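Asks: One-letter residues, chain by chain:
Protein chains: 2
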Amino acid sequence: VKVGILTIGNELLSGRVQDANASWIARQLSALDWQVSVILSVEDQEYAIRDALQYGLSCSDAMIVTGGLGPTADDITTAAVAKAFGRSLYTDEAVLAYLKEIFSSYGLTWTDNNAKQAAFPEGSEVIPNPVGTAAGFAIMHDGHVIAVIPGVPAEVKRMVPEGVIPLLRKRLPQTVQHVMSRTIKLFGLAEAGVDHAIADAGLKDLGIDVGFYPNFPENHLVLTSRENSMEAAATRIREAEKRVMDRLANYIFGFDQETIEGIVAAELTRRGLTLAVAESCTGGLITDRLTDVPGSSLFLDRGLVTYSNASKIELLGLPEDVLKAHGAVSEPTARWMAEAVRHRAGTSLGLSTTGVAGPSGGSPEKPVGTIFIALADGHQTYCRHFQFRWERRRIKIIAAEAGLMMLKRYLSGDNVHG
Amino acid sequence: VKVGILTIGNELLSGRVQDANASWIARQLSALDWQVSVILSVEDQEYAIRDALQYGLSCSDAMIVTGGLGPTADDITTAAVAKAFGRSLYTDEAVLAYLKEIFSSYGLTWTDNNAKQAAFPEGSEVIPNPVGTAAGFAIMHDGHVIAVIPGVPAEVKRMVPEGVIPLLRKRLPQTVQHVMSRTIKLFGLAEAGVDHAIADAGLKDLGIDVGFYPNFPENHLVLTSRENSMEAAATRIREAEKRVMDRLANYIFGFDQETIEGIVAAELTRRGLTLAVAESCTGGLITDRLTDVPGSSLFLDRGLVTYSNASKIELLGLPEDVLKAHGAVSEPTARWMAEAVRHRAGTSLGLSTTGVAGPSGGSPEKPVGTIFIALADGHQTYCRHFQFRWERRRIKIIAAEAGLMMLKRYLSGDNVHG
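Chains as they are written, first to last, in the numbering used here: chain A, 1 to 418; chain B, 1 to 418.
Keep in mind the hints are simulated off the structure, nothing from the lab. In this text, all values refer to a predicted model and were calculated from it rather than measured experimentally. Treat the hints with care, as some may be off.
Copies of the same chain look alike in the list, so a pair counts if it works inside one copy or between any two.
As the list claims (entries may be wrong) - Straight line, CA to CA, 27 Å or less: simulated DSS-like cross-link-like pairs of lysine-lysine:
| no. | residue 1 | residue 2 |
| --- | --- | --- |
| 1 | LYS83 | LYS2 |
| 2 | LYS204 | LYS408 |
| 3 | LYS83 | LYS366 |
| 4 | LYS83 | LYS242 |
| 5 | LYS100 | LYS324 |
| 6 | LYS204 | LYS83 |
| 7 | LYS2 | LYS100 |
| 8 | LYS366 | LYS170 |
| 9 | LYS408 | LYS100 |
| 10 | LYS157 | LYS324 |
| 11 | LYS242 | LYS408 |
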């Protein structure tokens, strides 16, 4: 089933209000395996509504329309829809009586413009509104359904699942197809590299749709299977996932709703390990991400943002001759930071970052984007050197992610040096 | 001028990603008094893009198209636009050379699929991308402009004002009206409170458009003036700004592109003051925001994320009897943290946070959202108690903002207790 979504309102076109209804409705339809053919927004103008409906129906079995059902003069959706399909308006006496009852029960004075909300195009099926005064309606036209509801988000969230979707199910013959999706999350390989690596995986021949969603600094790969049974879809997805894993295991850190900090937090908690962090260039972003996970106080003992050299010396005992010989941005400094923060906090693990986030502070030897990340466990200290591009904020984000990824690899028993 | 906006991407139609570009672009166009005729979203499908362009151009002088310009196989926008207007593709050698240079400068391996990003429909004007690899392009068709740029929000935010709008100005005859906008940024008052406070300011009578943009945890108020001369517009904006300041000065922290951390950083640097931060519930988010400002190492000496009680005792010398008598989330603890981090770091100022971010850890006395923030300058220590609602991440965000706001008010000589 292909469904188009049309949201109506001057406030949407001026950008004053961001349209949240369309995206929300799209998610409900996608979850049913119905395809959203187009999302459209137009002003409260008769010709704009007519043209949008005509275009939307040219590529859809049904249109869901929101907005413009209020009692005021700028609410013209009902009249515009009636006119677009050559229908007159009638007054639904049951709806009118209900409206008058609401007014009287709230002690409001009835004015005749409110009767507008009881007027519908001939042949409508009324869609009740359980949380507001404006009822919706649906009409059939050439085998298509046009369902119209108010644009108030709280009303949309009730009327779509309770009114519109059951109505579409009843009115439209549909092929029942089973859809299953799997999101694979990667870090450390550019989008083009991911694409290149899976080019020979034969995913298309498996009937798998592949979507790429860059989500800086991660890349998300969404595999979707549409089959005649759920079992068939699951089998295809499993096979596709295996083929992707065979090619990209080294860059994959999680699936679906997982985050690196969530995986790290769960693993530290499960194993009763504790962590202390000493950050320089990432400025607290690693502990910020870790403390987004509920219960992070179970494993995170402390974080130090040792931004000045003095703080590295005082809080971590970094010897001045290490600073002099190698500089604050160096492998020896990173190693010392990780070891010292672990030792002083008495935790199982110590993680550190030091680098040049820019825009100034770079040198030919250590240009902006030079980052050292170290991880100490009391037996061994691992250190990686990265050279990132991007500007200051994104360097911080990617360096924090690289630090969390190093921790994740360590906890999984993978090669920390990736 | 009527402009349509077409955003392309499967993720938009599935509802997986809410389209933020269309609304943002619409706001830019509305601020210029250009009318947005339609907002459209379709999948990465050749026929869908063709039909959407045809429909969009039927009611618009120009179409701004975003998305689908990446190097991977599912990025088909360029090819689809070329085909829709019967044009072949050519390779822009300058763009190709630039792409290869970027790859080599970052030590990335060049793969041929990247050449796709240098291919444009015949007759294109290339729109440079100052912050990414995918350039945009514009073509003319029957007196209409079709401008195509990538869908990455950070790139849209640069390429629309710097590339697309100047190009539309050049290519389309238009009525010139002078438009001036001023964004006033507030923290600490809900949208309805802001609305209420300015209700009697007579902004409408001044010919000023007022837009509300909640930007959690801030509220942004955008004043727009449209006049026949730039001078007239500037005069109106100044008067409107004064009226808003008279009513809301206490909540206003900045204007236009300013951020609290930027203002705080500039003021600390100008006065040669230094800062140390001890965070508990905010988990490093305050130092993360401060270190987003280039040159923050000039004033930020260190940050401590003292998450465990042990770390509060060891790193800040917090007496165990303070912990026992008042708890980690208390005014005495917050005061001690601010004073101790300042004293131990030898900085001018010390800032601290402690609180219950949730979802667990709350009690009837100190429910989730209880936060204490303290600021010490060696002479006096200020402490505020907040009770926020929201969930864990938003409690962290609003608490960090409240801490930065306290610092800002202190530096401006305003009452820290707001």
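Asks: Hints first: check each against the structure and report whether it holds.
Replies: Results of checking the hints against the structure:
| no. | hint | in the structure |
| --- | --- | --- |
| 1 | LYS83 x LYS2 | both (24 Å within a copy, 24 Å between copies) |
| 2 | LYS204 x LYS408 | neither (31 Å within a copy, 56 Å between copies) |
| 3 | LYS83 x LYS366 | neither (64 Å within a copy, 47 Å between copies) |
| 4 | LYS83 x LYS242 | neither (53 Å within a copy, 36 Å between copies) |
| 5 | LYS100 x LYS324 | neither (63 Å within a copy, 38 Å between copies) |
| 6 | LYS204 x LYS83 | between (45 Å within a copy, 24 Å between copies) |
| 7 | LYS2 x LYS100 | neither (38 Å within a copy, 42 Å between copies) |
| 8 | LYS366 x LYS170 | neither (61 Å within a copy, 43 Å between copies) |
| 9 | LYS408 x LYS100 | neither (46 Å within a copy, 33 Å between copies) |
| 10 | LYS157 x LYS324 | neither (51 Å within a copy, 43 Å between copies) |
| 11 | LYS242 x LYS408 | within (21 Å within a copy, 53 Å between copies) |
Checked against the numbered hints above, the structure violates hints 2, 3, 4, 5, 7, 8, 9 and 10; every other hint is satisfied.
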